[in-house]
Amino acid sequence: MIGLCLGLSGVVWAQLQLSEFTLAWNHTIEKVRWEEDYRVTETGLILGEARIKGNGAGMEIPEGARLEHGSWRYHRSLPPLQPLKLGRTPQAGDYQLCDGGHCEPMAHWLGPPSAQQPAVELWSCPL
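First residue of the sequence shown? That's 1 in the numbering used here, and the numbers climb one at a time after it.
Because the hints were derived from the structure by calculation, they are not lab data.
Okay, the calculated beta carbon distance ranges per label pair: (1) Gly64 - Arg39: 16 to 22 Å; (2) Cys98 - Thr28: 17 to 23 Å; (3) Val11 - Glu49: 29 to 35 Å; (4) Ser77 - Ser9: 26 to 32 Å; (5) Glu63 - Pro126: 36 to 42 Å; (6) His102 - Ser9: 25 to 31 Å.
Each computed BS3-like pair below joins lysine-lysine, with the alpha-carbon atoms no more than 30 Å apart: (7) Lys31 - Lys53; (8) Lys31 - Lys85; (9) Lys85 - Lys53.
The beta-carbon is built from N, C-alpha and C at its ideal position, and this holds for glycine as well.
Hey, can you work out the whole structure from these sequences and the hints?
Written as structure tokens, this is what we have:
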């Protein structure tokens with residue numbers, strides 16, 4: 001069975017039994033919510049739909065996005081991400097992982113973001 005691993009440089013800090021999830025965060029300056037849907041596969045994380053509540057400094061609405069239910073929705077064609085690298089610092093706030101509409105901050109599994117460990121990677125892995 002394939003699931004989601006969280007860690008850095010191949011070192012697993014947490015494993016989650018997920019086949020799909022939403023990665024969500026608030027833009028550090030504009031405080032606008034971003035969401036990206038991923039599917040967990042053997043070849044990596046496949047990005048599906050993404051949503052953004054609005055635009056602002058350094059965050060333009062992507063070309064082809066459509067406004068639906070208060071969010072701009074769009075798709076980007078990317079190869080499977082293996083790993084997906086994320087910056088994670090106290091100043092930026094934490095990411096959320098959502099499954100079935102229920103969201104938890106990454107701190108739930110990894111502890112709070114810290115300046116000593118300013119990054120995390122997500123990848124598909126055998127459970």
